[in-house]
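Could you slot chain B onto chain A? The hints should help.
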Amino acid sequence: GAVVSQHPSWVICKSGTSVKIECRSLDFQATTMFWYRQFPKQSLMLMATSNEGSKATYEQGVEKDKFLINHASLTLSTLTVTSAHPEDSSFYICSARILGINEQFFGPGTRLTVL
Amino acid sequence: KQEVTQIPAALSVPEGENLVLNCSFTDSAIYNLQWFRQDPGKGLTSLLLIQSSQREQTSGRLNASLDKSSGRSTLYIAASQPGDSATYLCAANTDKLIFGTGTRLQVFP
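First to last, the protein sequences are chains A and B.
Position one of the first sequence corresponds to residue 1 (the working numbering), numbered consecutively onward.
Position one of the second sequence corresponds to residue 1001 (the working numbering), numbered consecutively onward.
Among these hints, one or two may not hold up.
Only pairs whose alpha carbons sit at most 25 Å apart, straight line, appear in this in silico SDA-like list of lysine to any residue [said to hold, decoys possible]: (1) B:Lys1096 / A:Ser73; (2) A:Lys55 / A:Lys66; (3) B:Lys1096 / A:Ser89; (4) B:Lys1042 / A:Leu115; (5) A:Lys41 / B:Gly1043; (6) B:Lys1096 / A:Lys14; (7) B:Lys1068 / A:Leu115; (8) B:Lys1001 / B:Ser1052; (9) A:Lys14 / B:Lys1042; (10) B:Lys1042 / A:Arg24; (11) A:Lys41 / B:Ala1029.
It is worth saying that the hints were derived from the structure and are not from the lab.
Bound conformation, chain A alone (with noise of 0.2 Å):
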């Protein structure tokens, strides 16, 4: 149990386009998920917090109108890079809470690369 899957696990673009990537819980309602990203040989660092039905809180230093996340029912959270940059290029890992359990489930992350 407690499945957490992303789509795509990995995805290149052109410098200037949009990528979404989707957070989806498989076997369970995730009242919160969580988008971090890891750069190389770095540890994960949260970028935003999601809560189904609100608007996401974002970590001082993200952009949240370049990093626009919805979390629109309890199976799915889609993040969209906007106008995505060379330095967007990182490890983007998503994670899944249920209410009222104090434990992150992640999903297996989704390598960005932009040219």
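Chain B only, in chain A's frame:
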């Protein structure tokens, strides 16, 4: 603001050794602490989760301890194997998960 650090940053050992990885956190008001494994280019694999009321958790050759008052957790790996080679991350949960800097482990035959 919660800060999590891990020592050592990297470790290279021969197969069979028992290992201790260290994790320290600055804010002791945590719900739990979790240890993960990450293989190169891959996502996270959860190894152990210790609730704030617990002092340790065990799974196979892995044992994790938690001392909230001193802000420390250790991950003990018994009889290390080459397949244990990976980066190990700890994360302190204070409603958000704050990750440590990681320990890169290499176990050679």
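Against the structure, the hints come out as follows:
1. B:Lys1096 / A:Ser73: With Cα atoms ~21 Å apart, B:Lys1096 and A:Ser73 stay inside 25 Å; holds.
2. A:Lys55 / A:Lys66: Satisfied, since the Cα-Cα distance of roughly 15 Å is no more than 25 Å.
3. B:Lys1096 / A:Ser89: At roughly 24 Å apart (the allowed maximum being 25 Å), A:Ser89 and B:Lys1096 satisfy the hint.
4. B:Lys1042 / A:Leu115: holds, 21 Å
5. A:Lys41 / B:Gly1043: This hinted pair holds, its Cα atoms lying about 13 Å apart.
6. B:Lys1096 / A:Lys14: violated, 33 Å
7. B:Lys1068 / A:Leu115: violated, 45 Å
8. B:Lys1001 / B:Ser1052: Status holds; Cα separation ~18 Å.
9. A:Lys14 / B:Lys1042: holds, 23 Å
10. B:Lys1042 / A:Arg24: holds, 18 Å
11. A:Lys41 / B:Ala1029: Violated. A:Lys41 to B:Ala1029 sits at ~28 Å, over the 25 Å cutoff.
Of the hints listed earlier, those the structure fails to meet are numbers 6, 7 and 11, in rising order.
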